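Please put together the full structure from these sequences, using the hints given.
Chain order of the listed sequences is A and B. Anchor point for the first sequence: position 71 equals 71 in full-length UniProt numbering, and the numbering is continuous, going up by one each time. Anchor point for the second sequence: position 188 equals 188 in full-length UniProt numbering, and the numbering is continuous, going up by one each time.
One or more hints might be untrue.
These stretches of chain B come out as covered by chain A in the derived footprint (C-beta under 8 Å, 3 or more residues) [what the hints assert, rightly or not]:
| no. | region |
| --- | --- |
| 1 | 4-14 |
| 2 | 27-33 |
| 3 | 62-69 |
| 4 | 90-101 |
No lab work stands behind these hints, which were simulated from the structure alone. Source: prediction; values computed, not measured. Just so it is clear, CB atoms sit at the ideal spot from N, CA and C, and this is done for glycine as well.
Protein chains: 2
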Amino acid sequence: MASGGPEIEQLIQLLARLPGLGPRSARRAVLHLIKKKESLMIPLSAALDRAVLAVKTCEVCGNVDTTSPCGICADPRRTESGMLIVVEDVSDLWALERAGVGAVRYHVLGGVLSPLDGVGPDDISIASLVERAPTFKEVVLAVNATVEGQTTAHYITDRLTESDTKITRLAHGVPVGGELDYLDEGTLSQALRARTQI
Amino acid sequence: MASGGPEIEQLIQLLARLPGLGPRSARRAVLHLIKKKESLMIPLSAALDRAVLAVKTCEVCGNVDTTSPCGICADPRRTESGMLIVVEDVSDLWALERAGVGAVRYHVLGGVLSPLDGVGPDDISIASLVERAPTFKEVVLAVNATVEGQTTAHYITDRLTESDTKITRLAHGVPVGGELDYLDEGTLSQALRARTQI
Ligand SMILES: [Zn+2]
Ligand SMILES: [Zn+2]
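Put into structure tokens, the structure is as follows:
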């Protein structure tokens with residue numbers, strides 16, 4: 001039942017679709033926005049407008065940024081000759097960046113192989129990875145420690161055997177079944193330092 | 001560390017200020033928005049723009065709506081001669097509306113008396129309540145079952161003793177220390193039906 005006009009009701013329904021918010025917390029969020037109209041609602045509205053216009057997916061690595069190539073791909077201190085870290089999702093890339101893993105580049109797969117869900121090699125960014133990989137000394141498969149993540153890592157390893165690039169994975173230390181994005185930054189840094197060759 | 005340009009970073013920081021979201025869930029929310037740019041991010045941006053322009057606080061009852069008087073105050077089926085439900089916050093009004101309590105009107109106090117926090121009778125909408133109350137048959141004090149809520153109810157009862165209006169409160173059934181907005185709708189309906197005279 002609408003208690004605040006169609007504009008408010010629609011805002012609640014859209015916010016309720018964000019991960020971590022449901023209908024009840026979306027209503028609380030909207031009331032909070034309305035109470036903090038000048039200091040939060042108007043700035044958020046403006047920030048969202050700007051982000052809609054500015055946000056791009058990097059054509060090189062799959063990161064999201066306001067430029068393409070993204071800031072990481074365009075950074076000359078992160079050379080092609082170094083380390084390429086392969087992640088499932090942009091959130092994993094951001095988690096590794098927060099952990100301060102150094103002058104690396106990334107490749108965002110945009111998912112994992114999952115035959116049961118009909119996700120095959122052509123549905124995620126594997127072809128472009130096979131193309132990029134030989135220009136790097138080392139490819140680190142930083143996929144989640146899930147069955148699908150490990151299946152994806154095996155498939156990528158098979159596809160890259162012809163290149164001279166060293167292929168590694170994150171050290172055990174990533175909890176089995178765990179997702180990178182939920183790990184603390186120290187664990188992530190350590191897992192990268194202790195990475196092992198596949 | 002910013003991984004997605006200043007526009008994205010700013011959006012994360014603003015979303016993190018919403019109740020129920022922290023920095024981590026705000027990042028997830030922003031990534032979700034970016035992935036669903038056409039179906040969610042753009043509609044949310046437009047809805048927020050519209051809401052910023054449209055949202056008003058009702059000058060009669062304190063509800064938020066896109067008109068003032070609000071839809072409830074302007075609804076002729078909810079007559080002044082009936083029941084006025086006094087709530088602390090707009091979220092409580094919305095919770096009662098969702099519970100379908102009937103053709104009632106509301107008065108939003110916008111807080112509770114709290115001497116320790118320096119909140120006195122002039123800081124919440126008590127004067128306008130004292131003015132409105134005599135035009136209703138019954139005033140239901142639907143404040144939270146907290147110390148401050150009950151203090152506020154006592155204070156309002158004292159201020160309204162001169163009027164002939166019947167003053168009631170919600171039946172016990174509201175858990176002690178509990179907040180209306182978190183109750184299920186059946187409990188709220190029952191508590192209103194079994195309301196008792198103060
Ligand atoms: Zn990039
Ligand atoms: Zn109103």
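Checked hints:
Counting residues of the region 4-14 of chain B whose CB lies closer than 8 Å to any CB of chain A gives 8, so the stated coverage by that chain holds, three being the minimum. With 7 residues bearing a CB less than 8 Å from a CB of chain A, the region 27-33 of chain B meets the requirement of three and the coverage assertion stands. For the region 62-69 of chain B, the assignment as covered by chain A holds, since 5 residues bring a beta-carbon within under 8 Å of that chain's beta-carbons and 3 suffice. Only residues whose beta carbon comes within less than 8 Å of a beta carbon in chain A count, and the region 90-101 of chain B has 7; three or more means the coverage holds.
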